[in-house]
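Based on these hints, arrange chain B on the given structure of chain A.
Protein chains in written order, with the working numbering: chain A, 1 to 536; chain B, 1 to 328.
Everything labelled a hint here was simulated from the structure, so no lab data went into it. Be aware that a few hints might be false.
What the hints assert, rightly or not - Below, a sample of chain A positions facing chain B; criterion: calculated Cβ distance under 7 Å: (1) G138; (2) F282; (3) L285; (4) V288; (5) A289; (6) G306; (7) A311; (8) R339; (9) G340; (10) F367; (11) L371; (12) G372; (13) L444; (14) R449; (15) R523.
Stated by the list, open to error - Anything over 12 Å on all C-beta distances counts as not near chain B; from chain A, calculated: (16) V155; (17) R183; (18) Y310.
Stated by the list, open to error - DEER-style ranges, computed between Cβ atoms: (19) B:V46 x A:V459: 44 to 50 Å; (20) A:V288 x B:L305: 55 to 61 Å; (21) A:G186 x B:V35: 40 to 46 Å; (22) A:L56 x B:N123: 25 to 31 Å; (23) B:P58 x A:E490: 30 to 36 Å; (24) A:V462 x B:G31: 21 to 27 Å.
Just so you know, even glycine gets a beta-carbon here, dropped at the ideal spot from N, CA and C.
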Amino acid sequence: MDSGEVRTNYLNAEYGLLSWLVTRDHKRIAILYLISVTIMFAIGGLFAAAVRLELLTPRGDLLAADTYNKMFSMHGIIMVFFFLLPAIPATLGNFLIPMMIGARDLAFPRINLLSWYLYVVGALFTLYAMVTGGVDTGWTFYTPFSTSASNTNVVPTAIGIFINGFSGILTGLNFIVTIHRMRAPGLTWFRLPLFVWAHYATSLIQVLGTPVLAITLVMVALERAFHFGIFDPNYGGDPLLFQHLFWFYSHPAVYIMILPAMGVISELVTCFSRKSIFGYSFVALSSVAIAVLGFLVWAHHMFVTGMSVYAAMIFSFISFGVAIPSAVKVFNWTATLYRGSVSYSAPMLYALGFIGLFTIGGLTGLFLATLGVDVHVTDTYFVVAHFHYVMVGGTIMAYLGGLHFWWPKITGRLYPEIWARISAAIVFLGFNLTFFPQFILGYLGMPRRYHVYPDEFQVLNVLSTAGSSILGVGYLLPFVYLAWSMRYGEQASPNPWGATGLEWETPSPPPTENFEKTPVVTRPAYAYDLEEVPVG
Amino acid sequence: MASNFALFPERASTIAGEVDALYLFLVAVSGFFAVLIATLVVVFAVKYRRRSEDERPPAIHGSLALELAWTIIPFGLAMVMFFWGAKVYLALAVPPPNAMEVFVVGKQWMWKLQHLEGKREINELHVPVGQPIKLTMTSEDVIHSFYVPAFRIKQDAIPGRYTTAWFEASKTGTYHLFCAEYCGTEHAKMIGRIVVMEPAEYQAWLSAAATTAVAAVPATKPEDQQAAMVTAGAELFQKLGCVSCHRAQAGALGPTLANLFGHTVSLQDGSTVVADEDYIRESILNPQAKIVAGYQPIMPTFKGLVNEEQLMQLIAYIKSGKAGTETP
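For reference, chain A alone in the conformation it holds in the complex:
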């Protein structure tokens, strides 16, 4: 512990629960989000554990069919809407965007706090729906099952997701305005850290896409409650209309999860190679390309619905198109390592793990874009494996990597490096053991959302469940040692990694106003070759 005087920072500026609940400081709001999404992740993880345990044997010996259906539905709903979507933007994005652009806060601090309250109310609504009986529609709410057949808590769950949607919309709006209007002098668009570019692209999707989801859920609720004939053919509706509307949001939503993760990886790879990013503008603009093209591929989720063959071809073609900017990013990160000074610190291990998992997730996406193969593997475990590699392997690796990287900045403490490296390795191995066998299961033909299955699928399911227990340990470890480090960790210097970026120019933890005086930017991002060596 430092013996000197205690410096005022955003954490000790005020005390008491109320000072947190009415805060308008983006850093404190980020912490509120960090706590909330961690709780939701833990709940979603318990549901996943129940699913994997049930699938250990081909028979339904642990859970009844209805219970199992609720478990995977609630796992998906919690993880997608209340963890993966907000995880990086609402915590790291909230904390870092103003700091990275040299601002004192987001453009609308009160709206930022409102976003968090909307998230909490939405989450409580959804949890209430789960405690009072649960929901069994899957996170996809396909009609007419969700509107006419399911007798579970569909409407309360939908209301929870609806409310939470506004949290995302407002956060996106806040980021867009902040990035446009509040950059420090000299911080031109092409000097922005790629983390900011990625969040800009993400925010565009949140603002443009989320309202479509909100409206779709309203229509589901109206049909369920008042038999409006929108989706159920018995009332004159069209069940596929729902799928078009749902995926028009939910496919871009995948990019809401992965783009911020890509932003994190660009920061980590440059810092721990001590090198400028290879192909800055290609990495920056590929985020925007992904955001735009991501809106034009939704019907690739519907190739077996009997849609027009020619429409299917167009959606297949554009889906291949959206794969290219992702590939460009991977190549550029790899090239950044070339002739660098590569350190194996824990955040870098997470980043390299991300590149591995995201590459597998991205390449298997090509299988699903390929029409003739998609027919066989859609709605099987192949799809389950693919989206977990991208959304979980990708997003959570980046989230944990980013959390370790900025932990000294957020808390003013260093985490125990050796434990962090061990956990990065465990997560990587556990993840692959859990999800790789599912690709094989899928091609063999095991449908998803099956509570019992033919015997020949058991070996691979056992491997997957074994992997998930290892993965669980990997996720639990950081929870323990990061919490430990808040009290017992070594004091962090302003810039423990020798990183570029304005957030490293203020003390750790930063003062409430972030910067004593507004910084002036004279260099491009990642000018590691021009930097003094400030280690210590």
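What follows is chain B alone, placed relative to chain A:
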């Protein structure tokens, strides 16, 4: 435990080989790129590992040539995947003209199948090997999906409309039939099997129809058997009174249905429509949706009076071209 553990699914239809060839191409291309990236990352990470804290490697800002290379080459490969995939998809979508028809109705939680010859089955489909089979399907309640991994086919069965799929089994045996679209409590038990038989065996199985409990329309002689589903449709056509308006006669209240199927129909609003299964289905359940030019919108709906299987029988009858030409 699993005695028949495998890494690759059985291949039992004519299209399965094409799907697998494309799949293996994808595995090879993605395997190459995965290994390439993993190797580069590991080699760079080891070779350029940080040796001292004072290292300041010179900046490399990028290379337009490399950016173009790793944009254009993956795009070219993606286009090969795209065209190949589209070709296989087209082959999966268009049944050969000589395909034998089977009608499929999904409901929570069973598959009901009906052969044109009249034989009905539940969660089991018997088909002859080497004969293309066209499946016309719908659902009574929520969306289901008809999935036979060994044939590499999957098609959603959607309430309120017809979808089609086809296959030609290439090998006798018994294969899994799964429901692949989540449909509620017993989704995982909405499974069955496809029994592929030698043609002679299949004929024997068919003629045993009369002795099977689920056979709704007992066939007496083989020549009657061929048209059993049509016969059932004809009976319904009489019973429901369709024939009183849809007669091949001047002054009939409804348009004639003789030789209607597959032909273009002119509608009251000036547009035209090709009379396919979905059109006939809609005209029975929602007669006001499309009024044939020159007729009054007087037909009542038959919704609730005919179930999905009876609808399929009526359509089979209309497809036969004889509807309304016969007198009771």
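Results of checking the hints against the structure:
Residue-level restraint check for G138 (chain A) holds (minimum Cβ-Cβ distance to chain B is 5 Å; threshold 7 Å). Residue-level restraint check for F282 (chain A) holds (minimum Cβ-Cβ distance to chain B is 5 Å; threshold 7 Å). For L285 (chain A), the suggested interface contact is broken, since its CB lies about 11 Å from the closest CB of chain B, more than 7 Å. A distance limit of 7 Å between C-beta atoms decides the matter here; for V288 (chain A) the minimum to chain B is near 15 Å, and the interface restraint is violated.
Interface hint status for A289 (chain A): violated, as the beta-carbon distance to the closest one in chain B is roughly 11 Å, over 7 Å. The beta carbon of G306 (chain A) is positioned within 7 Å of a beta carbon in chain B (closest approach about 3 Å), and the interface hint is therefore held. Annotation: interface hint on A311 (chain A) violated; nearest CB of chain B at approximately 12 Å, more than 7 Å. Hint on R339 (chain A) holds. Least Cβ distance to chain B is approximately 6 Å, under the 7 Å limit.
Hint status for G340 (chain A): holds, given a least beta-carbon distance of 5 Å to chain B, under 7 Å. For F367 (chain A), the suggested interface contact is upheld, since its CB lies about 5 Å from the closest CB of chain B, less than 7 Å. Using the Cβ-Cβ criterion of 7 Å, the hint placing L371 (chain A) at the interface with chain B is satisfied: the shortest such distance is roughly 3 Å. Given hint, G372 (chain A) at the interface with chain B, holds; its Cβ is 3 Å from that chain's nearest Cβ, closer than 7 Å.
Against a cut-off of 7 Å between C-beta atoms, the interface hint on L444 (chain A) holds, since the closest Cβ of chain B lies about 5 Å away. This hint holds: R449 (chain A) has a C-beta 4 Å from the nearest C-beta of chain B, less than the 7 Å allowed. The restraint placing R523 (chain A) at the interface with chain B is violated, with a minimum CB-CB distance near 11 Å, outside the 7 Å limit. The claim that V155 (chain A) lies off the interface holds: its Cβ sits roughly 17 Å from the closest Cβ of chain B, which is beyond the 12 Å cut-off.
Non-interface call for R183 (chain A) relative to chain B: holds, since the shortest CB-CB distance, roughly 22 Å, exceeds 12 Å. With a cut of 12 Å on Cβ distances, Y310 (chain A) falls inside the contact zone with chain B, its closest approach being about 10 Å. Against the hinted window of 44 to 50 Å, the Cβ-Cβ separation of V46 (chain B) and V459 (chain A) comes to about 35 Å, which falls outside the hint. Checking the proposed 55 to 61 Å range against V288 (chain A) and L305 (chain B) shows it holds: the Cβ atoms sit about 56 Å from each other.
Between G186 (chain A) and V35 (chain B), the C-beta spacing of about 43 Å keeps the proposed range 40 to 46 Å intact. Between L56 (chain A) and N123 (chain B) the CB atoms are about 26 Å apart, so this pair conforms to the stated range of 25 to 31 Å. The given range of 30 to 36 Å is respected by P58 (chain B) and E490 (chain A), whose C-beta atoms sit roughly 32 Å from each other. Roughly 25 Å separates the CB atoms of V462 (chain A) and G31 (chain B), a value that falls within the hinted 21 to 27 Å.
Of the numbered hints listed earlier, those contradicted by the structure are 3, 4, 5, 7, 15, 18 and 19.
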